[in-house]
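Q: In case you want the letters, here they are:
There are 2 protein chains.
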Amino acid sequence: MMVKYLLSEKDIPKQWYNLAADLPTPMQPPLGPDGRPISPEMLAPVFPMNIIEQEVSQQRWIDIPQEVLEILYRWRPAPLRRAIFLEKYLKTPARIYYKDESVSPAGSHKPNTAVPQAWYNKQAGIKRITTETGAGQWGCALAFACNLLGLECKVFMVRISFDQKPFRKLMMRVWGANCVASPSTETQAGRDILLQDPNTPGSLGIAISEAIEQAVADKTGQTRYSLGSVLNHVMLHQTIIGLEAKKQLAMAGEKKPDIVIGCAGGGSNFAGIAFPFVCDKIHGEDIRIIPVEPAACPTLTRGPFSYDHGDVAKMTPLLPMHTLGHTFVPPPIHAGGLRYHGMAPLVCQAVVEGLMEPRSVTQNRAYESAMIWARTEGMICAPETSHAITSAIDEAIKAREEGKEKVILFNYSGHGLMDLLGYEKFLDGKLTDYSPSDDEIKKFLLPLEGLPKPSTQKTGKW
Amino acid sequence: MMVKYLLSEKDIPKQWYNLAADLPTPMQPPLGPDGRPISPEMLAPVFPMNIIEQEVSQQRWIDIPQEVLEILYRWRPAPLRRAIFLEKYLKTPARIYYKDESVSPAGSHKPNTAVPQAWYNKQAGIKRITTETGAGQWGCALAFACNLLGLECKVFMVRISFDQKPFRKLMMRVWGANCVASPSTETQAGRDILLQDPNTPGSLGIAISEAIEQAVADKTGQTRYSLGSVLNHVMLHQTIIGLEAKKQLAMAGEKKPDIVIGCAGGGSNFAGIAFPFVCDKIHGEDIRIIPVEPAACPTLTRGPFSYDHGDVAKMTPLLPMHTLGHTFVPPPIHAGGLRYHGMAPLVCQAVVEGLMEPRSVTQNRAYESAMIWARTEGMICAPETSHAITSAIDEAIKAREEGKEKVILFNYSGHGLMDLLGYEKFLDGKLTDYSPSDDEIKKFLLPLEGLPKPSTQKTGKW
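For the protein sequence lines, the chains are X and G, in the order given.
All letters in the first sequence, in the order written, are residues 1 to 462 by this note's numbering.
All letters in the second sequence, in the order written, are residues 1 to 462 by this note's numbering.
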């Protein structure tokens, strides 16, 4: 029985898919501090104009530049694999496929957007890119891409991960990037936070503030900021995952998946696997689509849909998204890449429209799934990815109980070779489950009260 | 331009290639303590009989069991990639191909033999396997294989690597193996060494003694020992690498490689890529074949061809090989997988016959190459693999100087994601180059004086 489906380089998708063109309800614009829609020009100190054009584009298909494809060829098309050993272990009639994004040199799906972002910046004459990183996957990916394209790269890494994942910062160093722990003393935003709480574990929201501050502070105009998730153009670049998976499912003789699953922090790997199938769902296919988040940071499952800032220091525009409030500091779970208070507006708009079924998973449950995975499929997954595996297992068991031959597809967003300390804590029984109380969430939502509210209307027309 | 050549599962080689059937000079037998050839039965307390049969086989092609293939399918056939970015950087007319063995779940070529070894042991009714490991690649591979096949696994890991590479032992734990630092207090061999030198960095030779002692000590007969390199059956299992590479070079339109390169510690990844091409060389093809070892442990380049023990405590039979003496404790270089005093007899016999051109490389030179690799090809290689890359770079530069379009093939034996501390030391300028003096080597060769001498006759008939 075949366990992997490989595409050759000539079969790589030549265009990205833009869900904004197909959503039944149009995307609501980002707003400035005055509550009015921000113009592309207002973003120009932060991003180069070619990326801003993609950010606001309504075009359904957008060409992938040839030079970007030639870098992606190093690891893409990525394999689609079938988890036959997990299927046997679960005694499920479901067929479980996973798209293996762990094969990139940086170990996750993140280079899919790091490479085009670095390339567009280079085209725009930019010499230096700043960014934030949680678990370090994104920082590694941007370091990798900037190195290949000859750009400088500066990474603000969330303190808790900087300490827990010493090897990721070494990877960035090998690829020539400069990585510092956030909050740092290099920025006003960082210094302010450290003054309030010198022992803060940090958060993506804080690190974003620092990276943006340092980008716009360069008065030569040669520095821009890059975000590894959340924004529309990032979701766009990641759709190559789902577009490849579609071709590969066809190779495996599957007409369509019944269920598509991805873990969701800022939303990018989830969007990557899901959006091409959301398109099919909008056009009438029966597909369930499940973003899975940590119970410790339950943005989609417990946060309201509201306008909010993407960062703690309120340097970003207001985005329409499910959010726990921009001052929410997620507990120090090992799935650092899922510790984000907000979520990609494109994902959130699809959730509002009822196109998706968000789930949350506790830390210990996620590691249990990771261990089942390691001992059946033989691969060690990233702690983020274990959230997707958990839902895949749940759905496979449900298929067994219902006696149905479902096709389950999930995104294997990254390997866990740099995250083994979390496995050690789990095996030692020392891993804590966090779940914020309703009162805690309420407290973090207070700063949202004065902010504009996006429409929560849905068409249900799909 | 294509940068990778992929085979589908149905194109995987169905048989291993046994070089012993084609060597111009026959292999010289292992000898017992009395200097007489040992019989297969004498090895029975250490290995199961089905593996012993492979060890002494003269059959050219040996079938790969179907169940073994089905496990190998998880990552095999492995990609053949072309290093076009390194080629550009070096401005070489050479075409550089590398077989990517880093894609296995354990991160190296080692599972190619771990899986069949565990499978043959299981067939023979064995319940538990003991082994040694250097850098941890082999221990991880055997842990991975034993877990999938439901066998217990005990690993003695060389102390220096146990301390330098904390994550590798966690991988073994995730896969359910029990890993201890060697020398340990669990065996007589370990206790003896610790008594002499409590701070010893350990060596593969010591760890082998411990693993064999513990295997034969199990009087239920349900435990056997497994070796990750050196022996004939291990070389056999690894030939799947070169057999796949041959098909893939043909896909790339190459008639043959001009140069085949692999790093060499015990010899297994080198044999894996090289032996199918040694066969072609014996039959008249013009191919240069280069094993690359560390200057700190220069077995092939500075050790004599002699009968010697494979381990410090002299528990193994005497093997005909290039050796630095079984009491040689290699300096603590980061390429732990290359810290072995001996070398596979099959490799050594081919060297004696003049079929190969061994090279040695200093530690800093190897890391320089690893950094060039990371910043051109974008991948972070294992410290062992950087030795092969160094020779590939040397040969590509030579091709440029000669203005010749050579085809260079090397084995990318593993990734370096668990070995980043070595990179850090290199980048900090803190890495030491070791090279034993002639007097040091002479001292370690003293114990060989009373041992039998193998024939060094060669036919030159190829």
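Among the clues, some could well be false.
It does not matter which identical chain is used: a pair holds within one copy or between any two.
[What the hints assert, rightly or not] Derived lysine-lysine pairs resembling DSSO-like cross-links, with alpha carbons at most 30 Å apart: (1) Lys91 x Lys10; (2) Lys425 x Lys458; (3) Lys430 x Lys255; (4) Lys453 x Lys246; (5) Lys425 x Lys127; (6) Lys247 x Lys10; (7) Lys4 x Lys246; (8) Lys314 x Lys88; (9) Lys430 x Lys247; (10) Lys256 x Lys10; (11) Lys256 x Lys404; (12) Lys425 x Lys14; (13) Lys425 x Lys404; (14) Lys219 x Lys442.
Please keep in mind that the hints were generated in silico from the structure rather than gathered at the bench.
Q: Any hints this thing doesn't respect? Which numbers, in order?
A: 2, 3, 4, 8, 9, 12, 13 and 14
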